[in-house]
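S.K.: For reference, the chains in residue letters:
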Amino acid sequence: MNEFWVLLTGSLVGITCGLTGVFLILRKTAMIADAISHTVLFGIVVAFMITQSLSGYWMLIGAAIAGLLTTFLVQVLQSGGLQEDAAIGVVFTSLFALGVLFITLFAGNVHLDVEHVLMGEIAFVPWDTWDVFGFSMPKAVWMLLFVLLLNVLFLVFFYKEIKLSTFDPVFALSIGLPILAMHYSYMTLVSLTTVAAFDSVGAVLVVAMLIGPAATAYLMSKSVSGMIVWSMTFGVTAAITGYYLAKLWNTSIAGMMAAMIGVIFMLVFLFKPHDGWIWKTFKRMKLQKTNIQANS
Amino acid sequence: MNALQVKNLSVAYEEKVVLKNVNLAIPVGRLTGIIGPNGAGKSTLIKAILNQLPNKSGAVHILERPLNSKDHTVGYVPQRNAVDWDFPTNALDVVLMGRYGHIGMIKKPSTKDKQIAMDCLKNVGMETFADRSIGQLSGGQQQRVFLARALAQEAEVYFMDEPFVGVDAATERTIIAILKDLKAKGKSVFVVHHDLQTASDYFDWMILLNQTITASGPTELTFTEDNLQEAYGGKLFFMDQAKSNKTFN
Ligand SMILES: Nc1ncnc2c1ncn2[C@@H]1O[C@H](COP(=O)(O)OP(=O)(O)OP(=O)(O)O)[C@@H](O)[C@H]1O
Ligand SMILES: [Mg+2]
Chain A
1 MNEFWVLLTG SLVGITCGLT GVFLILRKTA MIADAISHTV LFGIVVAFMI
51 TQSLSGYWML IGAAIAGLLT TFLVQVLQSG GLQEDAAIGV VFTSLFALGV
101 LFITLFAGNV HLDVEHVLMG EIAFVPWDTW DVFGFSMPKA VWMLLFVLLL
151 NVLFLVFFYK EIKLSTFDPV FALSIGLPIL AMHYSYMTLV SLTTVAAFDS
201 VGAVLVVAML IGPAATAYLM SKSVSGMIVW SMTFGVTAAI TGYYLAKLWN
251 TSIAGMMAAM IGVIFMLVFL FKPHDGWIWK TFKRMKLQKT NIQANS
Chain B
1 MNALQVKNLS VAYEEKVVLK NVNLAIPVGR LTGIIGPNGA GKSTLIKAIL
51 NQLPNKSGAV HILERPLNSK DHTVGYVPQR NAVDWDFPTN ALDVVLMGRY
101 GHIGMIKKPS TKDKQIAMDC LKNVGMETFA DRSIGQLSGG QQQRVFLARA
151 LAQEAEVYFM DEPFVGVDAA TERTIIAILK DLKAKGKSVF VVHHDLQTAS
201 DYFDWMILLN QTITASGPTE LTFTEDNLQE AYGGKLFFMD QAKSNKTFN
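Residue numbers (UniProt numbering), protein chains in the order written: chain A, 1 to 296; chain B, 1 to 249.
Treat the hints as calculated values from the structure; they're not laboratory data. Just so you know, not all the hints are guaranteed correct.
Said to hold, decoys possible - Straight-line alpha carbon distances no greater than 25 Å define the calculated SDA-like cross-link-like pairs of lysine to any residue that follow:
id, chain 1, residue 1, chain 2, residue 2
1, B, K180, B, G217
2, B, K108, A, L173
3, B, K108, A, L150
4, B, K56, B, L24
5, A, K272, B, W85
6, B, K16, A, G80
7, B, K108, B, K122
8, A, K280, B, S138
9, B, K107, A, T188
10, B, K56, A, L77
11, A, K280, B, Q136
12, A, K280, B, G135
13, A, K280, B, D131
14, B, K108, A, F154
15, A, K272, B, L137
16, A, K272, B, F87
17, B, K114, B, G125
18, B, K112, B, T128
19, B, K114, A, G226
20, B, K107, A, Y184
21, B, K56, B, E162
22, B, K114, B, G135
23, B, K122, B, E172
24, B, K183, B, E162
25, B, K114, A, P169
26, B, K114, A, F158
27, B, K16, B, Y232
What the hints assert, rightly or not - On the chain B side, residues computed to face chain A include the following (Cβ under 8 Å):
id, residue
28, Q52
29, P78
30, F87
31, P88
32, I106
33, S133
Since this is a predicted model, take the numbers as computed values, not measurements. Here a beta-carbon is modelled for each residue, glycine too, at the ideal position from N, C-alpha and C.
Assemble the whole structure, with the sequences as input and the hints as a guide.
M.R.: Structure below.
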């Protein structure tokens with residue numbers, strides 16, 4: 001049974017991050033995921049300082065606010081003339097440092113250690129349960145299901161809006177789409193996804209799950225919807241294969257899952273039909289051969 | 001009725017003033033060329049009219065009303081390099097985006113919207129490319145897709161930023177035929193254009209611009225050498241040769 005919960009948690013992380021990550025890649029703001037995955041720590045600490053509790057709801061709210069704050073500050077610095085990557089770098093290091101400082105100052109004796117936040121421990125997931133409507137499931141599963149539902153609802157309602165404002169924001173604005181509101185809503189979802197996932201796989205590996213599967217899907221998709229399906233598939237595949245390999249080799253589950261994301265990316269990059277690296281090299285060799293024949 | 005009326009429009013990016021005190025009144029049903037050297041503020045003028053710039057003062061009326069993004073009177077063709085053509089989507093899908101304003105938030109495109117999008121693709125001679133990834137289209141084909149998207153907007157007033165850049169002569173003729181057809185249907189079309197050779201053939205109205213309006217009015221009155229010299233800051237020494245020499249740009 002424990003194995004089932006760990007697998008389910010991993011798969012939910014794969015699906016949710018895979019889904020959310022698609023627009024991070026398309027908007028070319030993959031690095032903001034890295035920033036948010038660190039600044040949610042600040043949100044969680046502040047939520048803890050205010051409520052003195054480590055309950056999931058407050059964590060989600062604190063993380064959402066921290067994510068919005070990150071997005072907002074990055075936006076402000078950018079419109080002040082700073083490049084996006086520099087703006088992200090400045091904002092996330094300062095908020096993260098502030099989070100670490102607050103932990104050591106005000107929450108030193110609580111179970112909120114930085115290592116856990118960064119690395120997570122998916123193997124402990126089954127023991128931390130919540131009862132909702134008489135159903136007992138691991139807390140991580142509840143939170144991930146909730147966030148997955150939010151993500152799906154967002155896309156069901158605003159699919160064409162987020163697609164257009166990603167592809168052509170200027171045109172989107174000209175037909176009256178609230179592109180800034182879309183941006184902030186989406187970044188809120190990224191924050192929520194991050195915090196729901198990082199309790200199990202850790203902040204660093206959330207970034208891998210947010211970016212890796214979507215980047216892999218980008219290599220082989222002709223449409224946004226196709227990219228979403230592939231991205232979620234790769235996320236789940238990495239989670240499941242990662243779990244069994246970790247068991248086989250008795251190593252870190254989250255670490256193995258992240259490694260599998262890299263493996264899948266490489267496989268697709270090399271073997272993808274028509275413009276994968278291998279295929280291209282093969283075609284180039286064939287072309288050279290015909291050229292040589294034609295010339296001789 | 002005026003298609004476009006601009007009063008005392010000024011725009012600055014940070015400290016730098018790009019448009020100074022622009023006043024325009026252009027009647028409905030014209031095919032208007034917006035002409036001026038690089039950096040004159042042509043794209044900026046369009047963006048300001050479409051309400052996309054925060055730092056502006058002055059008033060803009062389209063069809064006698066302030067621009068309200070909720071009504072669908074305005075169609076827009078951005079400069080082609082404004083988007084990422086590697087985005088995973090196909091030609092028909094991009095044209096369908098022109099329908100989004102009519103469809104409204106949340107709702108999905110109907111079969112009728114898809115039909116309109118397909119017709120617009122056909123209009124620009126691109127129907128066989130409907131399923132083609134936009135990254136695999138040539139520059140001229142991408143430009144036609146953008147034009148088809150604007151047509152799908154079924155607007156009254158169109159703004160197009162350099163629709164002829166990077167297209168071959170045949171495509172340019174296709175596009176100009178479509179623009180003249182729009183004009184024949186009583187629509188008003190504004191086109192940023194760089195080629196002084198063709199400008200007077202294409203447009204029946206001209207806006208000559210370089211930070212301020214040099215001239216605005218019917219082509220035969222405004223498209224004069226004096227006005228052009230003023231707009232281009234005396235850089236058009238070769239104007240006379242240019243008239244006979246087709247390589248001038
Ligand atoms: N986002 C911006 N921030 C600061 N300055 C800008 C910005 N966009 C344009 N400018 C400046 O404003 C001036 C007008 O630019 P604009 O793009 O409107 O020119 P244009 O007439 O469209 O030129 P082109 O023929 O090259 O397209 C230029 O000097 C440009 O450097
Ligand atoms: Mg321009």
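S.K.: When the hints from earlier in the document are held up against this structure, which numbers fail?
M.R.: none
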